[in-house]
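2 protein chains.
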Amino acid sequence: MDINKANVTAAQRMIEARATLIGMGKAIEVIPDMHENLLLHAGPPIDWDRASGPLRGAITGALIFEGRAKSEAEAEKLVKGGQIELAPCHHHSTVGPMAGVTSPSMSVYIVENSEHGNRAFSNMNEGYGKVLRYGAYDDDVQQRLRWMEEVMAPVLAKAIEASGGIDIKALLAEALHMGDEGHNRNKAGSILYLKALAPYIARVSDSLETAEEILRRIGDNALAVLNPVMAACKAMADAAHDIPESTLVTTMARNGTDFGIRVSGLGKRWFTAPAQIPRGLYFSGFGDEHANADIGDSTITETAGIGGFAMAAAPAIVTFISGTPKDAVNATLEMYEITAAEHVAFTIPQFDFRGTPTGIDLRKVVETGLTPRVNTGIAHKEPGIGQIGAGLVRPPMEIFEEALRAFAQKYNI
Amino acid sequence: MDINKANVTAAQRMIEARATLIGMGKAIEVIPDMHENLLLHAGPPIDWDRASGPLRGAITGALIFEGRAKSEAEAEKLVKGGQIELAPCHHHSTVGPMAGVTSPSMSVYIVENSEHGNRAFSNMNEGYGKVLRYGAYDDDVQQRLRWMEEVMAPVLAKAIEASGGIDIKALLAEALHMGDEGHNRNKAGSILYLKALAPYIARVSDSLETAEEILRRIGDNALAVLNPVMAACKAMADAAHDIPESTLVTTMARNGTDFGIRVSGLGKRWFTAPAQIPRGLYFSGFGDEHANADIGDSTITETAGIGGFAMAAAPAIVTFISGTPKDAVNATLEMYEITAAEHVAFTIPQFDFRGTPTGIDLRKVVETGLTPRVNTGIAHKEPGIGQIGAGLVRPPMEIFEEALRAFAQKYNI
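As they're listed, the protein sequences go chains A and B. Going by our numbering, 24 is the number at position 24 of the first sequence; the sequence numbering is gapless. Going by our numbering, 222 is the number at position 222 of the second sequence; the sequence numbering is gapless.
None of these hints come from the bench; they were simulated from the model. Remember, it's a predicted structure, so these values are computed and weren't measured experimentally. Be aware that a few hints might be false.
[Said to hold, decoys possible] Cut-off 20 Å, straight-line C-alpha distance, at most; resulting in silico cross-link-like pairs (SDA-like, lysine to any residue): (1) Lys326/B / Gly355/A; (2) Lys158/A / Lys381/B; (3) Lys326/B / Ser207/A; (4) Lys158/B / Glu213/A; (5) Lys158/B / Ser207/A; (6) Lys158/A / Arg354/B; (7) Lys326/B / Thr347/A; (8) Lys326/A / Arg354/B; (9) Lys326/A / Lys326/B.
Starting from the given sequences, assemble the full structure and let the hints guide the process.
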C-alpha cells in the first residue's frame, strides 16, 4: 500500500475541484435524501439530549419557521418523539455555519464541482448578531428568515441563473489577495460576490425598491459569501473523500457538543470527542463563562486549505479574533507541517504567492502533535441569544489518534 | 525658525483632514475659477508645443467632447491661438489621473475636508484601455464619455446625495487592509465604493435597466474609486499647504513632459524637471520604446501617504507593476526615511498596523538621496492609443535640490 500516493491523489482532487455557484433551490427539492421531517445540523450526529443550547435554539427556530412548533418545549417533543429526525448536514452534501440547521423549506445555494461531478449545498447567511445559526429564534429572527425566503431567495436564484454562475473558487482566490482568509474574514469575498450579482439583481428584481433592499442587505453583511464559500469547500473536500488508503481529513465539523472528523480512506465513520471553548475576543459584556463549545460546519474552510490555514493572507483579522499579524503568519507556517500539499489556486501574496497548506494528513497531525488551527465565531451557550465573540480553537488531538488507530486496523498496518 | 515644528503642523493637518465625497457637479459650475475656454490638465503648467502625445490627444478629445474641435489640428489651433487656455488641475483644487484633462461641461466629484473647510475635485474614471486620460479620443472614447456624462453622472450625483456622503478616508483605511495601496491597486476600494452606492443607485435610477448598467460599469472598473480617492488626497494635501517654514511636499504631479513639485512653505511655485519613463510591466506587444514619460496627478496619493508609500499593504500588486512582495515591503520601509510622520488612519496590518509614511520632507529627500517611490500607469507616447503598461517611477532628484535651495533663500538659512 502507498499512503503517500493515495494522499497525493486525494489532495489533487481537492485542489483541482471546481466550485461554481449555479443556483438556489428549496432544500427539500435539491438536497439529496432531504424530506419533510428532517432537519440537518452542523457537526457529527447528535440527539436532543446531548445538543447544546444554540443547537436546540436553532432547531426550535427552524421548526417554528416550518410551522411545526411554537416553542422549545414543542420542538423538544417532536425531536424526542421521532416525528422530526436530525441528521448531520455532512450526510447530505450540505454544510451550515454554527448550528447549521437547515429545514426542508429553506432555500439553499447549489455549488457544482464540474471537475468531478458532485454538488454541495448551504443555506443563506442571515448576517451578524441575534440569528438562527447562533440559536436565536424570536420574532425578529423569524421575520428575517421569512424575508430572506420570500423576497431575497427568489431574486438571488434568478440573479445567479442570469449571471451564468459564479466561480466561487476564483472569487476565493481573489479574496485571499484582498485580506480575507475565507472563514471568519469574508469582507472582500462578500463584496466581490455583491459585485458579481449586483447588475443581475437589478435585472431580475420586480422593482427598484426590492433591488435596493437586497443590494443593501448583501452589502451590509460582510459574511454574505460565507455560505457559498462553505458549499464550495464542501464540494472540494467531498471530491477528496473515499480514496482508499488516504489519510487525508475530508471533514472537520462541530455540533456544539462534539468535534468530529472523517477521513478519506475511512468511509463514513466519524471520530469524535468533546468540542472545546474557543479562545478569542468577546463582544462587550460577554466572556468565557457565557461561551458555548465550538460549533459549526465552517471548519470545512480549513479542511479545504483556507480559513485558519490561510491566516497569513489576512493579517487584519487579528483585530477580530485576537493575536498579532505575526501570529497569523505563524499559524499558516505551522499548518504546512500537517498538510499534504500546497494549493494551486489559493495563494498568499506575502509568502511570494506560495499556495496555502492544503489537505490535512492525519499521520502528520499525530506525528507532530500539531492539531489544525480553526478560526471561529463564538456562540452564547444559552439558546436564543446569539453570537458573543470570535476566536481560535483546535480540535481535540484524541480524535486524530483514534482515527489513525482505525486506519491502521482497517488497512492492517 | 523651527522647520520641524512647521512640518509637524503641516503633516498633522494632512493626516487630520477629512475627505467626504459629498456630490458631483459640472466642472464649470463647481470648480473654482473654471470657465468655458479653460481646460485643466495634469502636472505642472505646460503649453501645446511642449505637451506630450497623450496630453495632446486628451486635449483634442476634450475639445471634441465640448463640440469645440473636430480634429487634433483644430484643437492645436485653438490652444495655440489662445481661444482655449490650459491650466494645471492643481491650480483649481482639482486632480486628474494621467493626462487629467477636465473640460467645462464634464461632471466632477466634489470631496470636502470638513476639518479645514477646503474642497477638491476630480473627473469620473473611464475604466481601462483606450481612454481619454491616456490620450485616446476616437468615437468609442467619445461615446463612453457621453454615456458617463448623460447617464451615469446624474445617477451618481443623486446616489451620492441620497447616501449622505461617502467617507473616502474611511474607505481608504479599509481598502489598505484589503490589499490596496490606493493608487495603482484600487480593487478593494472600488468595490467598497460600489457597496456604499449600490442601494442608492437602485433608489435614484429611473429604471432597473439603468441601475443594472451603472452597477455593471462600476463593478467592472477596478479603478472606479481612483478619482474620488485622488480628490480625497488632494483635499488632505491642500490642508497641509501654505504652512510657513514647512519643507513638506504638498504637490507631486506630471504632465507627461515635466515632473513638478510644490512645497508647503514655498507657496505657488513649481519646481520641475523632465519626467522619466516608468519601469514596469508592459501589455503584450508594447515596450519601453512606446512609453510616454511619466504623466498624471495621481501622485497625489503618494503625496498623502498612500500609493507607492503603502506598497507593503498591497503585496499582490507586484503581479501588475513588477517586482516581488519583498520589494513592496522595502518600498514602504524606505519611504519612512523621507517622511515627517506616520499616518493615523492609514495603517499596514503586516507592520503591526503601523501608520503609512506620510508627508514627504524635502530635506530628508536631499539628505538621504532617496526620492519618493511612485506607482503609475504607462501611456503610449502617441496620442489616441492609450494605456500600455504599469510600473514604478521616481521623480528627478534635482527638483528637490532646487526646491531646497529656494527654501534656504526664502527663509535666509
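So, going through the hints one by one against the coordinates:
1. This hinted pair checks out: Lys326/B and Gly355/A have alpha carbons roughly 17 Å apart, not beyond 20 Å.
2. Between Lys158/A and Lys381/B the alpha-carbon distance is near 46 Å, which puts this suggested pair outside the 20 Å criterion.
3. For the proposed pair Lys326/B and Ser207/A, the alpha carbon gap of about 49 Å is over 20 Å, so the pair is violated.
4. For the proposed pair Lys158/B and Glu213/A, the alpha carbon gap of about 17 Å is at most 20 Å, so the pair holds.
5. For the hint linking Lys158/B to Ser207/A, the alpha-carbon distance of about 18 Å falls within 20 Å, and the restraint holds.
6. Restraint check: the Cα-Cα separation between Lys158/A and Arg354/B comes to about 45 Å, which exceeds 20 Å; the hinted pair is violated.
7. Simply put, Lys326/B and Thr347/A have alpha-carbon atoms about 15 Å apart, close enough for the 20 Å limit, and the pair holds.
8. At roughly 13 Å between alpha-carbon atoms, Lys326/A and Arg354/B fall within 20 Å of each other, so this suggested pair holds.
9. Distance restraint check for Lys326/A and Lys326/B: the Cα-Cα separation of roughly 16 Å lies within the 20 Å cut-off, and the hinted pair is therefore satisfied.
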